[in-house]
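All chains should be built: construct the whole structure from the sequences, respecting the hints.
Protein chains: 2
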Amino acid sequence: MSKIEILKGNIIHAPVFGALEVLADGYIVLKDGVIEGLFRELPEEFSAGDVTDYADKLIVPSFSDMHLHAPQYPQLGMGLDLQLLEWLQKYTFVTEARFSDTEYAKRVYSKLAGNLVMNGTTRVSAYSSLHREATLVLMDELEKSGITGYVGKVNMDRNSPDNLRETTEESLRETRIWIEESLKRFKNIKPIITPRFTPSCSNKLMEGLGKLAAEYGLPVQSHLSENVDEVNWVKELHPDCEEYWQTYDKYGLFGSRTLMGHCVYSSKTERAAMKRNGVWVVHNPDSNINIASGVASVRIMLNEGLNVVLGSDIAGGASLSMMRIITGAIKTSKRNWLLTDKKEPFLTVAEAFYLATSAGARYFGVGPGFAKGDKLHALVLDDSAFPETLHSDPAQRLERILYMGDDRQIKERYSEGVRLQAEECGCKSAL
Amino acid sequence: MSKIEILKGNIIHAPVFGALEVLADGYIVLKDGVIEGLFRELPEEFSAGDVTDYADKLIVPSFSDMHLHAPQYPQLGMGLDLQLLEWLQKYTFVTEARFSDTEYAKRVYSKLAGNLVMNGTTRVSAYSSLHREATLVLMDELEKSGITGYVGKVNMDRNSPDNLRETTEESLRETRIWIEESLKRFKNIKPIITPRFTPSCSNKLMEGLGKLAAEYGLPVQSHLSENVDEVNWVKELHPDCEEYWQTYDKYGLFGSRTLMGHCVYSSKTERAAMKRNGVWVVHNPDSNINIASGVASVRIMLNEGLNVVLGSDIAGGASLSMMRIITGAIKTSKRNWLLTDKKEPFLTVAEAFYLATSAGARYFGVGPGFAKGDKLHALVLDDSAFPETLHSDPAQRLERILYMGDDRQIKERYSEGVRLQAEECGCKSAL
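Chain order of the listed sequences is D and U.
The first sequence lines up with residues 0 to 430 when you count with numbering that gives the first Met the number 0.
The second sequence lines up with residues 0 to 430 when you count with numbering that gives the first Met the number 0.
Treat the hints loosely; a few may be bogus.
The list treats identical chains as one, so a pair stands whether inside a single copy or across any two.
[Stated by the list, open to error] Straight line, CA to CA, 30 Å or less: simulated DSSO-like cross-link-like pairs of lysine-lysine:
{"hint": "1", "residue 1": "Lys-56", "residue 2": "Lys-189"}
{"hint": "2", "residue 1": "Lys-143", "residue 2": "Lys-189"}
{"hint": "3", "residue 1": "Lys-143", "residue 2": "Lys-203"}
{"hint": "4", "residue 1": "Lys-2", "residue 2": "Lys-186"}
{"hint": "5", "residue 1": "Lys-267", "residue 2": "Lys-341"}
{"hint": "6", "residue 1": "Lys-110", "residue 2": "Lys-374"}
{"hint": "7", "residue 1": "Lys-267", "residue 2": "Lys-234"}
{"hint": "8", "residue 1": "Lys-410", "residue 2": "Lys-110"}
To be clear, the hints were calculated from the coordinates, so they are not data collected in a lab.
Here you go:
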């Protein structure tokens, strides 16, 4: 006999891009954690259900962070005066190298997992380091904390420091072992094929990774056209390729389950290729400005019909909070609005909220919004600590929380239909 | 007999623009709350002093918020999808009008004062509404909370809703009464002449305000060249003036104690006039992008030798946290760095931190940094809740706190040489 659970509160979600649906004092009915429906009045048939009344609080979908580098968590918010290359040398590589120590990995990743949950992120697509054991530790910590999604063991067999480089054979062998083991061990965290980016992967490695993706039917994530030097470097490395995207495409790594981070400098033809292949663009506004890569135009990509999702891209991004990423995406788009003489409309709150919730969920084959048949991924938001205001409809309250709130406004978190316990998920640990 | 107090910890301040001075495990010696000196070793003569050991924590100067609209606090973080004019109509004017009710003002301003202190801001130059009583309430609440600086009763006798418009005579009469009373009543909060901006003040009012500023020897604050429509509007209103700045200058409102908010569209000649007159520019990066006014170039103004300070400009800005404003100024400058083909250097952490601490203090005639002879304004920062890192020199830790921290990292606050008690300053109330 299935369990009926009912959540009552001010429900806000984004079932379509650009519009918020608000059910003031509405009901979410769950059957064994699966959304049965949203209702303005509770239907008779569910009157026997167990109601959790969140009163005046907001109930919204939880966030998806579609591009983050887990091993860079210890360097978050540091070295951002440096140029990319110096930043990588002085901070990123030395930090990532530490994850050969699985004890260190366990300490850092358990804290990272707890803080993702604290910040309301229940779906991720994360980069690990190249270390197989540490990658399994990351998957384990995320799963224990209640987070779902993908984690990738990073592959790199060239153009990286000795202690962060594998031989091609080693890289492919380790990746296969990691895939096998992670598919066995984890329920909600799955492997994703992760060539770090073209400059750090030989053609032979790329070819092998393409075959592994096909053999196991796995998704793919990598970086594309993040900054000018990188784009030029890739041209030198692949004189046979007209554009960056082709260096992934020719090895079967550029399909409908591929996440490509950044795409700041993607040309019209590169964007057309992404559209044709159904590739997903991950926009990382905080990272793009912090390491001064450039300014992506989400509006143009959306107008062209590309799939766009959002990512924190820590530690290029300096915050795990998707609230900051949502407002960061809006701010970036306002800069573009100004630069185009107000011709390119900036992102609205409803649009950016959709990208951080519904769009991410869609990548995982569910949603958009609170969709019937999906396991509940939700946050309960409490703005009672904010100053009194004359503007208090639920949509205005959501906007205010996104702009001035943080994890302190998140009172409850649901993932895969289950309410996460602060103790279990580590939410108790402050950032 | 004077009281010697000694603070021990990792001292970081910005005595000069662009460079942080770090005294790891250093000492700040206070005599009756006044800085006697900074020392790496405690001099014998002070060995009898009462030492407060902050151990591994950071001790830094507190923040100055040099442009904020106190009555807009209730609308913080809302309506930011709207264009300026619609935003003013739908949110700002209706909210400001509420301050005819002094009880409402008391509730809102006591919370605002507490949250400024919570966020580490101990010096302000704030706009009130045009209401004399509510303005005195604001000054009272700020003083009680331990904040120092200036507050201005806003003047507006044209181009505003009926309930937010005074006659010229009324405006000048009320302003004089307010000045007299506030000079009598308050110790650390002083009046500042505040024509809202040229479009809302008739020439007669401007003239009268110039005379009041001269008569009482008061500083001045207003808005300058914030957005394109405003600049054009001012041109229409003052066909006799070549540029916006002259509409203030001709009434004696453009001198060495004048704060001008924004200056996004200030021409070379307008900037030269500010330099000549010693006018202070208040850069409000969060507000400029939220209401999409434009992108100011702090670097150019600094290179030309202008005085530049930072402001939150709530509620155009969506956060009271000067940490957000510091990183916002850096992000804005990185956008300019990209737009100028990397010719215009972006602001470093050390530079932006100087603008939010030392530069603001200099406007008030003290500093820069922890200067001998100044009353202590300081924060004690605790980053122990952050993930372990390989990069932990004090400057790196400060950068990390500025990028990923918030009021939770601020453990103690000193203002005017006194440690603020959470209970008194209202810091206990969450944002």
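Evaluation of the provided hints:
| no. | hint | in the structure |
| --- | --- | --- |
| 1 | Lys-56 with Lys-189 | neither (33 Å within a copy, 40 Å between copies) |
| 2 | Lys-143 with Lys-189 | within (13 Å within a copy, 56 Å between copies) |
| 3 | Lys-143 with Lys-203 | neither (36 Å within a copy, 69 Å between copies) |
| 4 | Lys-2 with Lys-186 | within (21 Å within a copy, 64 Å between copies) |
| 5 | Lys-267 with Lys-341 | both (21 Å within a copy, 24 Å between copies) |
| 6 | Lys-110 with Lys-374 | within (25 Å within a copy, 40 Å between copies) |
| 7 | Lys-267 with Lys-234 | within (17 Å within a copy, 42 Å between copies) |
| 8 | Lys-410 with Lys-110 | both (19 Å within a copy, 22 Å between copies) |
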